[in-house]
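> Given the coordinates of chain A, work out where chain B should sit on it, guided by the hints.
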Amino acid sequence: MKVIVHFTSTLQNRLRTGHFVKRRHFLTTPAVRIVEVGPRDGLQNELVTLSVQDRAQLIRMLTSAGCSYIEAGSFVSPKWVPQMADTEQVFQELIHLPRHTTLAALVPNLRGLEQALRCTRVDEIAIFAAASETFSQRNINCSIAESLERFRPVIETAAQHSWPVRGYVSCAIACPYEGTISSAQVAMVTRKLFEMGCYQVSLGDTIGVGTPFETKRLLQEFSGQEKKQIAVHFHDTYGQGLVNILVSLEQGITTIDSSVAGLGGCPYAKGASGNVATEDVVYMLHGMGIETGIDLTKLVGAAEFICALLGKPTRSKVGAAIAATRSI
Amino acid sequence: MRGITPFTSQLQKRLRTGHFVRRRLTTPAVRMVEVGPRDGLQNELVTLSVQDRAQFIRMLASAGCSYIEAGSFVSPKWVPQMADTEQVFQELENLPRTTTLVALVPNLRGLEQAPSRVNEIAIFAAASETFSQKNINCSITESLERFRPVLEMAAQKQLPVRGYVSCAIACPYEGAISSAQVATVTRKLFEMGCCQVSLGDTIGVGTPYETKRLLQEFSDEEKKQIAVHFHDTYGQGLVNILVSLEQGITTIDSSVAGLGGCPYAKGASGNVATEDVLYMLHGMGLETGIDLMKLVDAAEFICALLGKPTRSKVGAAIAATRSI
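Chains A and B supply the protein sequences, listed in that same order. If you're matching positions, the first sequence starts at 1 in the numbering used here and goes up one per residue. If you're matching positions, the second sequence starts at 329 in the numbering used here and goes up one per residue.
The shape of chain A in the complex, shown without the other chains (with noise of 0.2 Å):
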């Protein structure tokens, strides 16, 4: 199909500027920031072990696309996650990577605190807690209120440190044992959360079961000034990632969870898509004239080389239909 080479070089442009034609914003907010999971959240959830230094590479390469807000890695034991062993090698690698672009690692105790404080380029740390009993029970054999009361000493070090903190909160919509979980609730830890010193808390829909109606339900349970503290964290598990963003964005956020490639399938559905692909939600975006400083070709470039790594294609359907043109 040679002819499409006209085609080709206004999606390209769309691609790279967010921009088919000029456009009044779509929406009231000019900019959206993209907290990109990939590295740590995608890849705890594949089944590949990657080295510590390609596991940097793509940090770079997703730098270099203009990711200025990388989950890079997670500070648990290698027993229980072995893709995310040597995280401190990783973050070493990283030394020299500008700073402009900030470095998240998720400490799920003062164990890894202590380990995230010995690496000189941990920029910000992550915490988690679950708005399902039963699910905090089977995930981290306690009680929600448990849960945060050990995640106390951990924030209080990490301000001593002046490391800023995000709060992750699962099942914000349902839960694989309880069902669906009430807005209120999810609420209530969101709250304990910030009261606790959390400077922005990551709702997550875990399953991936929600729909437009229940992604407005949760976030109206919060107000304005809430809202700009808070990020969505979908999956893309039902096909409904895109959305609830964009049902997310109508509702005041700014803030989205997405992950390169959309690495990470879901570990309650296995063989079942996980994380949202950040170059779907990217392309969605831009196109609508929201600015997120990524170059989505680039993105995609990071993402190729990941899925080499990993030995799979892509889950994201832009990175599918940009190799696919490609092709031609």
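One or more of the hints may lead you astray.
[What the hints assert, rightly or not] Stretch by stretch, here's where chain B covers chain A in the computed footprint (C-beta under 8 Å, at least three residues): (1) 74-81; (2) 101-108; (3) 228-241; (4) 261-274; (5) 287-299.
[Said to hold, decoys possible] Taking beta-carbon pairs under 10 Å as the criterion, some of the chain B residues facing chain A (in silico): (6) Met520; (7) Gly521; (8) Gln524; (9) Gly532; (10) Gly563; (11) Leu570; (12) Gly589; (13) Ser597; (14) Ala601; (15) Val605; (16) Met608; (17) Gly613; (18) Leu634; (19) Gly635; (20) Ala648; (21) Thr649.
To be clear, the hints were calculated from the coordinates, so they are not data collected in a lab. Where is the CB? At the ideal position from N, CA and C, for every residue including glycine.
Structure of chain B alone, referenced to chain A:
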């Protein structure tokens, strides 16, 4: 994950009835146009037997699909997957008339051979001149003129006619297509006698911005007769559908299992998967009359025959939870 029983049953309930919790409805119902057996299969590599195609349609009808594009009367030389469409319709002679079966008709000859079970026909035009030339070797105006006798004969046979407009957002050759141009072609089809026009984002590049801009070209009255046919090539299928619903559209084209890749980007996605659309609609309290679990069965049937996995996320998720 044995402990997921309570949730699984809740999820099963949603998938059947469309309700997680009671909710207010904004639009009471949405009509689904199932294009899998035609637009889907004609873009798949494997050619299926008449019996398999008919069985597939029966399963879709059992699942509650009430409007199914069952085949296309084109030359088998060009579209071997659609050979013997006449026999497919004959196999379905006894299918209850509550299910409307539609045939795509590219010309008068196609209509002349239409069996009695064809309840509606569909014709097509492009919003892009270049696409029209490359696709069917004539201009948009000429293509519409060629369909005039088809519409006249359809009227004599009392067959409603549905129109398709390709490249409603962008063309693989020309790039972005103006909404005004799309509206011109659409209105021409209405004027010629189409009862409904389906606007297609042929290469799947549209985002909520383009969708909104396109649909704002039409009055509310016109939008009652307009359907949307999005492709998921860049993952934008469902968001475009959501915006379309907000704009007052109530008819959605989709393809079970996401059958039908993109002919302009080999290996990429094409049609949006019916299961994924239904999951969203049911989650929002919108009735479709379709049982999602039975639809997934139909998807599994056809995917097994085609020797490929489903392109539907819902289908993949359900298969994954079943294997637990």
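> For this structure, which hints from the list above don't hold up?
1, 2, 6, 7, 8, 18 and 19
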